[in-house]
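Colleague: The chain contents come next:
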Amino acid sequence: MNSSSGNGNGGTRGTRADAVLLDRQYVWPGDLTEIPDWVYTDETIYQREVERIFHGPTWNYVALEAEIPNAGDFIRSNVGPTPVVVTRAKDGSINVVENRCSHRAAELCRELSGNANELVCPYHQWTYDLKGSLIGIPFKRGVAGKGGMPRDFNQAAHGLTRLNVTAHRGVVFASYRADMESLADYLGPEVLREFEATFDGRKLKLLGHYRHSLPGNWKLYHENLKDPYHATLLHTFLVTFGLLVAGNRSMMLTDKSGRHGVMASDKSETEVTSDAKKEMRAYKEGMQLREPRFMDFVQEFDSSWSVTMSTIWPNLIVQREMNTLGIRQIVPNGPHEFIMKWTMFGFEGDDAEMTGHRLRQGNLMGPAGFLGLEDNEAMKFVQDGMRRVPGKRHLVKLDPVNEAGTADTLISEAAIRAMYKHWRAEMGL
Amino acid sequence: MASRREARLDALLLRAEIDDFNAAYAAALDEQRLSDWAEMFTEDAFYVVISRENADRGLPVGLIYCDSKKMIYDRAFALEKTTMFAPRYLRHIIGNLQVLGENADGGVRARANYVLTQVLYDRPEAKLHQVGVYYDVFRRVDGLLKLAERRCVYDSLLIDNALCLPV
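From first to last, the protein sequence lines are chains Z and F.
Take the first sequence: its position 275, counted from the start at 1, is 275 in the numbering used here, and no numbers get skipped.
Take the second sequence: its position 104, counted from the start at 1, is 1104 in the numbering used here, and no numbers get skipped.
Among the hints, a few may not be true.
[What the hints assert, rightly or not] Think about it this way: if two alpha-carbon atoms lie no more than 27 Å apart in a straight line, the pair counts; the simulated DSS-like pairs of lysine-lysine are:
| hint | chain 1 | residue 1 | chain 2 | residue 2 |
| --- | --- | --- | --- | --- |
| 1 | F | K1070 | Z | K267 |
| 2 | F | K1146 | Z | K267 |
| 3 | F | K1146 | F | K1070 |
| 4 | Z | K146 | Z | K90 |
For the record, the hints were derived by calculation from the structure and aren't laboratory data.
The whole structure should be built from the sequences, with the hints applied where relevant.
Modeller: Next comes the structure, spelled out in structure tokens:
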């Protein structure tokens, strides 16, 4: 039966004893303007997402090339929840292998990053080269003619599981699928253009990481960045200091498939209308920062936008918040939690002043950022709401003339609807 | 003999003074008196909260990154007036103080371990929110100790959702 029928917003739960089902079916209730809670809270749905999305026909972000510049460099990463190791082999190739020994399943690489000639499992010293081939088994032939591996053991068939790899402008992606389309086709021309506006060919310079857990469903992070409505309402910092207001030139782009998005805005000098001021409770005339230069925008990109936030399905956010640049990698951990790994960068050739500017502007984002911490809190509130008052639906009805797709107003949820159009097709729901 | 004894007394007094400073610093943050907290820095102060992962690798990115008292003040002001987060109590426990020495310009180098606990109103437990080390430089301004530099290097790399208040 339909698990959410009769449990809609404003509906009564009734007194039926079978409200908690042991054998449920998943039926999307109606059109795209309402999203049922089980999309965000159900373990089976989550398992299916891992299978069909993260391990399915997607390019998953895994690393920046700047993190593994030299032969032997490696970092730990993830594809969906699955731990992988990204390596630079002797021949310069980039390789992505599952971080699971083919012998007894040990997650063998424990360092966050490093340099090695080979990957050795500490448990029984099974040894793999940097491409994942199994090159050594201690006591393979036993001792004194006794014990050892079977004669017919096919060592070549027991390397680490290797993933399909592609890289563009220093950004590395992996896929469980061998038959993936090119990254350019995967992104589509419009999202690719924004990607290339940020990764403009200059060599990247690693500035550091943040890592945090977030007690919410992983998709909420995509939705938050496909929801330009919240930007001037939740982020009162921006509004208080007149930095972003409803009325700035902006766009919420989605690609043809609906899975990727780019939230773009321009910090133009806009007169805030008195109407807009009334709607934004946070707007306060004349409040000023003592050190306003940290909000300066140094034009360094071939783009008409000062801010773009690209949501690249399924696990990557590219942050170009003026001059503070970063990657956010989503690592889901069940329906109720994900881990976010941030990799902040600048460019080779940045002078000390530009690096300082990027670091100061970094106060906006990350788990202690003026905006970043608010996003994390808001998403936690959403998950708390669903867990404590369960079995209802979300409303995503803003901008009804635009069913799903690109919007030229901030007051729209069309990009969220576009994402669910895609998600439902991938999930068979 | 007397001068050696005086030097030891001076060292003990300085240590006691820094201890007092850290207790007052913790109290200002625990009581969320953020403007008072901002006043504990010199005008040219450097304050950063940085992961041990970044610090060990020479990577400069910090969770909070302020290279002037003005930025520290803006942080305090923004958190008090604009930032949205669930109400909470934080408690800073500062210990293992070591006074490391004096710089040529008279700045005093010190370090201390810190533990930051966080209580949310709807959960029974005080969670260990952050564990780390302060690497400090103190300077006197009008006779009073101020922080010219506090680098908070945290071990707990994976932050529980958000760091809503300073360390």
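Colleague: Next step is simple, just say for each hint if it's right about the structure.
Modeller: Consistency of the hints with the structure:
1. K1070(F) to K267(Z): The given pair, whose Cα atoms are some 23 Å apart, holds under the 27 Å limit.
2. K1146(F) to K267(Z): violated (37 Å)
3. K1146(F) to K1070(F): holds (15 Å)
4. K146(Z) to K90(Z): Violated, because 36 Å separates the two Cα atoms, which is more than 27 Å.
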